[in-house]
Amino acid sequence: MPTHVLQSVLPGLLQQVPTTLLYWFVPSAIALLLGTLLCIVRVGQHRVLYWACTVFISFFRGTPGIVQIYIIFFGLPKLFWAVHVDIDGWPAGAYFIIATSLNLSCFVCEVLKGGYLGVDHGQIEAGKSIGFGRFQNFFRVIAPQTLQISILNLKNLEIDVLKDTSVAYTIGAMEILGYANRVISNQFGVGQLWILGVAAIIYFILCALLELGFTAASHHMERHGRRS
Amino acid sequence: MDLDYDFMISDLPTVLAGLPKTLILTFWSMLFAIAMAVVFGGLILSRVPILKQSVIIINTFIKGVPLTVQLLFCYYAVPYVAKGCNGFLGYQYNPRHIPYFAAAVFALAANFGAYITDVVVSSMRAVDRGQYEAADAVGMNKFQGITHLIIPQAAVISIPSMTNYFIWLLKGTALASIVNVVEMLTTAKISAADGYQYLEAYIDAAVIYWAVCAGIEFMMGRFEHHIGFFMRQPESRVRPISS
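Protein chains in written order, with full-length UniProt numbering: chain A, 1 to 228; chain B, 1 to 243.
It should be emphasised that the hints constitute simulated quantities derived from the structure, not laboratory data. Accuracy of the hints is not assured; some may be wrong.
Short derived list, chain B residues pointing at chain A, Cβ under 10 Å [unchecked claim]:
1. K21
2. F32
3. Y198
4. Y202
Below, simulated SDA-like cross-link-like pairs (lysine to any residue); rule was C-alpha separation at most 20 Å, straight line [claimed, not checked]:
5. K142/B with G130/B
6. K78/A with Y198/B
7. K78/A with Y5/B
8. K63/B with N156/A
Ideal placement from N, C-alpha and C gives every residue a C-beta, glycine not left out.
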């Protein structure tokens, strides 16, 4: 194992960890919000909105993430240019975050829908019967139980998103893999397999930490359901 | 928004010509992924002491590393492997024709094999215990019971998950475009390079992917309905008392 390769590359790779976490966290936060809204429409009664959302979700679930990233990357500036707004100065990471947020929202929506359908309908009626309003019922009864049912599927989604941040380098956003690739091409490929191996181990550790966090969260959420 | 609609329509057949390559890549990757999953799943189910643990460790590591990293790793590693295989089974190493396609198949198969292992294990475990006893009762030995009774049922149980992973894999092959494999996305990219009409070509590609994925989902749904007849509950003639 060439130690000097490791010594020169590892600090740089570790410096990119916050960027990767940013590319993971911002889409996750946006998608939780947008996914909830999509989910409310999908389980609701409004026909036109329902079909619009269904087509939207079908598109984002039926096309590869990398194609969506490319389309946003090339299409969004054109779209904004049509209304005379110049967004050419935006960093590549912004396009990645937008594309991933839209993509992830659709998957989160489907997971939350599954969780919502798993909530006992009696619970919602119980909430109404003790005088909760719509919002109170949503935040106190529906949302916590939906989350509890769907947390394991959410965990898988979030791990996928953390891993898919590595695609960002294809549009020039700098993160762990992008940095590794740049070092590889700067060194004309010396020690390329070792550098990629180190990057792989960093990703693995990040995924393991995320997994531990979600397991702890799901354990915490199930505290009321446990029988002693 | 000024899209070149004429180019978009005229480019559609060009991009569509890349679809067979995507499907071939998907087919080989899926085949090797299933082979790997069956072997690994068998090792987990048969509880061979050390092998079981090593399979679990390998799968956990594969699942924790992005597919992009695995593809790039295989992309950089394949020249060394190809050089090492020179003369093996009549293979001639040629630095001008490095088998990047095989590297992509290997990376995709390893990645999805790790996920499909779980499908294999859980489908086998989902078959009712009574079926094993039934095999005993009609005098089949263990091997016969597994091949004639358990595997056919487990295969049907696994169809929805397999369909999911097949569609994931079809979408995952788009990533192979970053490692010099010519498939549909690469075809779209090449066709757009002349006039810098990337957006139009990528929209074409997206539409084709969308249609193919929706088609596969629909067909597999019908197929499962057709083949899973034995799992459906017989229609009750007595109407249940409505609550």
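Enumerated hints in conflict with the structure, sorted upward = 1, 2
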